[in-house]
Each structure stands twice: as C-alpha cells, then as structure tokens.
Amino acid sequence: MMTPCTETIRERGRSDERGAVLLMMVFLVAFSTLFVGALLRSHTTDLQIARNHIGSMKALFVADAGIEDAIAELRANYNWQAGFSNKIFPAGSSSHYSVSVTNTHPKVVITSVGTAEGFVRTIEIELNIVETTAPYPVRVIYWKEV
Amino acid sequence: MKKAMENRGEGRSNRGVSLLEMILVVTLIAGLMASISPAIRVVNMGWQSGEQRLEVVQNARIAMDDTVRALRQARRVSAVSDPGASNGFIEFYDKDDVLQRVDVDGASGLARFGPVGGQSLLAGPVNALEFTCFDSSNTALAAPVAAHEIRSVAIAVTASDAGNRVPDYTLRSKVYMRRDAAVAINEIMYNPLTLSQNTRHEWVELYNLSDRAFDLNGWTLTSHTNRNNPDVLSGELRFGSGETLLPVGGHAVITSANTLVYFELLINRGFESNPLMVAWPRSGGWSRSNGGAQEGNRKLRRNGSGWVYQTTYLPYFSKSGFFSFWERSPSANPENMRLIVAIRSLGWSVLETVYDGPMHSGWTRHYVDLTPYKGQFVRVWVETVGAGNYWIDDFSLSWSFVDQNAVRMAVDDNRIGGGLRNNRDTITIYQGNLAIDSVPYDDNWGGDGNARSLERKSPTGGSGDSANWTQGPIFGTPGRKNDATP
Numbered sequence: 442m443m444t445p446c447t448e449t450i451r452e453r454g455r456s457d458e459r460g461a462v463l464l465m466m467v468f469l470v471a472f473s474t475l476f477v478g479a480l481l482r483s484h485t486t487d488l489q490i491a492r493n494h495i496g497s498m499k500a501l502f503v504a505d506a507g508i509e510d511a512i513a514e515l516r517a518n519y520n521w522q523a524g525f526s527n528k529i530f531p532a533g534s535s536s537h538y539s540v541s542v543t544n545t546h547p548k549v550v551i552t553s554v555g556t557a558e559g560f561v562r563t564i565e566i567e568l569n570i571v572e573t574t575a576p577y578p579v580r581v582i583y584w585k586e587v
Numbered sequence: 030m031k032k033a034m035e036n037r038g039e040g041r042s043n044r045g046v047s048l049l050e051m052i053l054v055v056t057l058i059a060g061l062m063a064s065i066s067p068a069i070r071v072v073n074m075g076w077q078s079g080e081q082r083l084e085v086v087q088n089a090r091i092a093m094d095d096t097v098r099a100l101r102q103a104r105r106v107s108a109v110s111d112p113g114a115s116n117g118f119i120e121f122y123d124k125d126d127v128l129q130r131v132d133v134d135g136a137s138g139l140a141r142f143g144p145v146g147g148q149s150l151l152a153g154p155v156n157a158l159e160f161t162c163f164d165s166s167n168t169a170l171a172a173p174v175a176a177h178e179i180r181s182v183a184i185a186v187t188a189s190d191a192g193n194r195v196p197d198y199t200l201r202s203k204v205y206m207r208r209d210a211a212v213a214i215n216e217i218m219y220n221p222l223t224l225s226q227n228t229r230h231e232w233v234e235l236y237n238l239s240d241r242a243f244d245l246n247g248w249t250l251t252s253h254t255n256r257n258n259p260d261v262l263s264g265e266l267r268f269g270s271g272e273t274l275l276p277v278g279g280h281a282v283i284t285s286a287n288t289l290v291y292f293e294l295l296i297n298r299g300f301e302s303n304p305l306m307v308a309w310p311r312s313g314g315w316s317r318s319n320g321g322a323q324e325g326n327r328k329l330r331r332n333g334s335g336w337v338y339q340t341t342y343l344p345y346f347s348k349s350g351f352f353s354f355w356e357r358s359p360s361a362n363p364e365n366m367r368l369i370v371a372i373r374s375l376g377w378s379v380l381e382t383v384y385d386g387p388m389h390s391g392w393t394r395h396y397v398d399l400t401p402y403k404g405q406f407v408r409v410w411v412e413t414v415g416a417g418n419y420w421i422d423d424f425s426l427s428w429s430f431v432d433q434n435a436v437r438m439a440v441d442d443n444r445i446g447g448g449l450r451n452n453r454d455t456i457t458i459y460q461g462n463l464a465i466d467s468v469p470y471d472d473n474w475g476g477d478g479n480a481r482s483l484e485r486k487s488p489t490g491g492s493g494d495s496a497n498w499t500q501g502p503i504f505g506t507p508g509r510k511n512d513a514t515p
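Read top to bottom, the protein sequences are chains A and B. Residues in the first sequence are numbered consecutively from 442, following the working numbering. Residues in the second sequence are numbered consecutively from 30, following the working numbering.
Think of the hints as simulated: they come from the structure by calculation, not from any bench. Being a predicted model, the structure only gives us computed values, none of them experimental. Note that CB positions come from ideal geometry on N, CA and C, so glycine has one too. Check each hint, because a few of them may be wrong.
To be clear about the criterion: a stretch of chain A counts as covered by chain B if any three or more of its residues have a C-beta under 8 Å from a C-beta of chain B, and this derived list gives those stretches [said to hold, decoys possible]:
no., region
1, 463 to 475
2, 478 to 486
3, 489 to 495
4, 502 to 514
5, 543 to 554
Please model the entire structure based on the sequences and the hints provided.
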C-alpha cells in the first residue's frame with residue numbers, strides 16, 4: 442500500500458509526463474521537415490549542377506571549335522590576329538564563339554569564348570609559331586579552360 | 030525515506046508507455062510518412078532522371094572527346110560518310126599511319142573507335158553520328174566527299190538513354206585537320222642566264238612529298254610583285270599533255286604561258302607569223318587564214334588533199350621531246366575527211382602515228398611524247414586525204430630540259446610570279462586560300478644569274494632555312510630529283 446507521500450510524488454510524475462508524445466511528435470515533425478527540406482535543397486542544387494553541366498558542355502565544345510578555327514587561320518597566315526566575333530557554329534544555330542588573339546610571334550595566345558544555350562565557357566591556349574614559312578607549323582604550349 | 034525512493038523507482042520502470050500512446054505515436058508517424066513520401070518519391074525520381082541525363086551527356090562527351098582528339102592528330106582522312114548521314118563513319122590515318130575508324134556499332138548502338146576491323150566500343154548508346162567535311166575555302170563538301178579536299182570536319186554526336194527515359198543530347202564541334210608539309214617548292218630558276226626576256230625563262234619546281242596525289246589545277250602562285258594578283262596554274266598544253274595531277278613523289282614544273290626552259294624549241298606554234306609558216310615544206314594549196322583559230326587570230330588552212338611537214342633534231346642531252354597540234358573542220362561532214370599526222374625519220378619511215386582519222390567539227394587536240402627519239406632527226410608529217418576544208422593550229426614541236434615525267438603547269442600570263450626578283454623574293458604556292466609552301470629566297474643562297482638554279486636539299490627541311498638551299502647545276506634539274514638531294 443502506497444503512502445500518501447509516495448502517491449503524491451507518483452501523481453506529480455504522471456502529470457509531468459503529460460504532453461511527452463506531443464513533444465516527441467513536434468521534434469519528429471521538425472526533424473522530418475528539416476530532412477525533407479535538406480533533401481529537396483540538395484536535389485535542387487544537384488539538378489542545377491547537372492543542368493549547368495549539360496548546357497555548358499555544348500558551350501565548351503563550341504569554344505573548342507573556335508580554338509581550332511583560329512589555329513587554322515594562323516597556319517594560313519602566321520601574322521593573323523583579327524580573331525572572330527560571335528561566329529555562328531554550327532551554321533543555323535544560335536551557338537557562337539568569339540576569339541581574341543594576341544600575336545607576338547613566335548608566341549601567340551588565343552582565347553575562345555563559346556556560347557551555347559545561354560552558357561559560356563572559355564578556353565585559352567598558348568602556342569609558338571615554329572616556322573614563319575608555310576604551312577606555318579605551330580607548337581601548343583598549353584590548352585586550358587579559364 | 031529510502032524505502033519510499035525505492036518504491037517510486039520500481040513504479041516507474043514497470044509502468045512503460047501505454048497502448049494508447051503507442052497507437053497514437055505509430056499513427057502520427059504513419060501519417061507523417063504518408064505526407065512526405067510523395068515528396069521523397071519526387072526527389073528520387075528527379076535524382077534518377079538527373080543521373081540518366083548526366084549519363085547521356087557523359088556518353089556524348091566521351092564519344093566527342095575521343096573523336097576530336099584522334100582527328101586532331103590524324104594525318105589525313107581516307108573515307109567519310111556522306112554529309113547528313115545519321116549513322117556516319119570516318120576513316121583516317123593516325124599519327125603513326127594506322128588506319129583508324131569511328132562509327133556506330135549496329136548491334137549495340139554504341140560508338141566504336143580503333144583500327145579498322147578491330148574497333149573497341151567507346152560510348153553510347155549513340156543515336157546519331159554525323160560528319161560534315163569542309164574544303165580549304167570552308168565550303169561544305171557534297172557527297173561523294175573527295176577525301177583529299179577535306180580541310181576540316183564538323184562532328185555531331187547525339188547520345189540517347191537506353192530506356193528512352195530522358196531526351197537525346199547532341200554535342201557539336203569542329204576539327205581542322207593537321208597540316209603536314211605536302212607539296213614543297215623544290216627548285217627555283219629565278220635568274221636564268223639570258224640575253225633578254227629573263228622572266229620568260231624562269232620556272233619553279235614543286236615536289237609532292239606526301240603519300241597522295243594532288244590536282245594542281247587552279248592552285249596559285251605569288252611572288253612579291255604579284256602578291257595581290259596571284260598567278261593561276263593550269264595544265265601546260267604546248268610542252269605537256271595538260272595533265273595536272275601531281276603524283277606521289279612527282280615533280281611539277283611551273284612556267285609562264287610562253288616560256289622557254291632553256292633551248293626549248295617551239296615551232297610555228299600558232300601560225301601567227303608568216304616567216305615561220307614559210308619554213309614549212311608543203312604541197313600547194315596551204316594558206317594562213319584569219320579568224321576561228323584555236324589560239325590567236327590565225328590558223329593553217331587547206332582544201333582537199335595535200336601535205337606539209339617540219340624537220341627537227343631532238344638533242345641527245347635533252348630530257349624530253351613533245352609534239353602536239355589541234356585540228357578542226359568547218360565542212361559539213363568532217364567525219365568523212367581523213368587527216369594523217371605521223372612522226373617520220375629522215376628516211377621517211379613512220380616512227381609513230383600521232384593521228385589517223387576523221388576531222389572534228391570542234392577544235393580537237395592530239396599529242397605524242399617524242400622523248401624516245403632523243404638524238405635523232407624527226408619529221409612531223411601532216412597529210413590531208415579527200416575533199417573538205419582542213420584547219421590546223423597551235424602546232425608545237427619541242428625538246429626540253431624538263432624531265433619527261435614531270436607535270437607541266439603554266440601560269441596565266443607571260444611572267445611567272447609577275448617576274449621573279451633577282452636579289453630576293455618570296456614565292457608562295459596556294460591551294461585555294463591555303464598557303465602550302467613559301468620560300469623567302471635570297472641571292473646569297475645561290476642560283477643567281479649564272480644559268481644555275483636554286484635547289485632545295487631536303488623537301489622536308491625548312492622552306493625558309495638558307496642552309497636547306499644551295500646552288501644547283503647549270504640549267505638546273507627541272508622535273509627530276511635535285512642534285513643536292515641525297
């Protein structure tokens with residue numbers, strides 16, 4: 442048989458525990474919300490990264506084509522430094538590349554900016570004109586994305 | 030007190046969570062999960078879709094990267110699919126001269142790359158692989174693509190998802206083919222020993238050091254003088270067959286339109302001059318007439334049967350002999366007329382029949398190589414048989430220091446390069462707008478006004494390297510290997 446003192450303490454204990462489930466659920470809901478929120482945020486970021494990657498890949502290859510075009514010009518005329526401005530590639534598309542050339546032969550620096558579907562990628566190369574007689578062979582020093 | 034504390038502890042550990050509380054918690058968790066599971070499912074689907082799209086992009090990138098890298102280093106394209114063909118292929122010789130191929134495997138749908146017949150699967154599935162080729166003027170080449178004209182290749186790779194769960198993805202890029210030295214300026218006679226008409230005796234020799242033939246027709250040549258008005262090359266018809274295809278290891282000699290490459294003999298070319306016409310022994314009835322000539326204003330003409338001939342000596346030290354002429358008849362039925370043109374000895378025996386047949390209603394050319402008759406006197410015999418009006422023009426009988434096997438090219442005026450300078454000049458040869466070779470010679474290099482040419486030692490050596498050039502022999506070595514070349 443419980444003593445009055447013990448009964449009082451136990452009654453107080455039970456009344457203290459009222460709302461524990463609610464509290465747990467509040468925490469659980471909060472945690473779940475945070476978890477799902479983080480998941481969605483992560484997913485959105487991943488999707489954005491993927492979208493950037495997918496779109497900018499096209500721009501990278503367009504920039505690459507600009508570099509190729511510029512090297513071809515240099516191999517026809519080693520003094521060439523006119524560059525290209527918004528040259529459409531491929532024909533009929535909205536993609537384009539712009540190429541700037543700093544020609545202090547034998548050293549030449551070419552920068553090609555490719556644009557495709559709103560994305561922009563830039564490639565820079567440095568090359569040396571090996572001979573100043575046709576077909577003007579060149580040696581690439583570096584080829585990098587900037 | 031101690032007892033009371035112990036009793037309270039026992040009470041707590043025995044009590045636990047009530048069933049009602051349990052049910053409530055499980056219900057709430059279930060409800061929560063039910064409410065967030067669609068969101069998780071959407072996230073999961075999006076994630077998978079993203080991965081699939083990236084997979085497609087990666088496949089396109091790998092296929093494009095490998096193709097671009099390989100083509101960039103390739104020596105030349107040997108075959109390519111027609112432009113617009115979605116299941117395209119390209120074959121090319123790599124830097125080690127191994128024939129490589131990029132195409133799409135019909136069974137797996139994957140892009141393949143590797144030596145022909147031994148390709149490895151590269152990436153995919155690839156829905157379309159397209160190659161569009163361009164020439165040196167950046168003009169798209171139509172089917173069937175002439176591989177030797179390819180200067181650049183535009184590539185389009187369309188990768189797809191095996192389950193068609195995400196859209197196709199297309200990457201495009203363009204590669205300019207590597208340019209190895211292909212045709213080299215090999216010898217120059219820029220200051221020949223002549224009393225007059227220096228420019229008429231000048232010539233430039235090209236050498237094909239590549240492993241494929243080049244058609245030189247339409248190529249251009251410049252020097253300092255005519256750099257803004259290049260000479261256009263075409264087949265030479267007075268000293269050569271008109272052939273313009275420079276074979277592998279072949280030499281081509283470029284001259285002015287009326288050149289004489291040292292002692293070349295050109296007899297009564299166009300019957301424009303009366304004394305030349307008089308020099309031809311002939312039967313009665315021949316005359317020079319105005320108008321309707323193959324070249325210039327005058328031609329040789331006769332009605333009915335007759336004969337005319339010319340005798341010349343082909344020096345034993347010459348390198349080639351050549352004869353050509355044009356014939357035509359304005360008569361109603363030229364096919365019923367007969368023309369005989371033969372090479373005869375001084376004893377009148379026929380050495381070679383150049384032509385024996387009917388006349389043609391339009392100017393028609395016939396020619397024969399006289400090189401086998403070096404060291405002999407030969408007679409060019411022309412005979413007309415039967416009624417009708419016979420026209421003959423542009424009669425060329427020559428011997429030359431230019432080798433028999435050389436391709437003869439002429440520029441479109443009487444001064445090659447506008448007249449090559451005797452102290453220093455820069456000669457450049459172009460295919461379209463593409464400079465193929467350029468030589469900035471100086472008279473200190475040799476070949477300056479003493480009947481000697483300027484010879485290149487090594488066709489693969491530097492065009493502008495004075496150490497790669499030296500003085501050649503008297504009259505040079507036009508159309509054959511340089512004396513200076515090992």
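**OP:** Against the structure, test the hints numbered earlier, and report the numbers of the ones violated in rising order.
**Re:** Checked against the structure, the only hint that fails is number 5, while the rest are satisfied.
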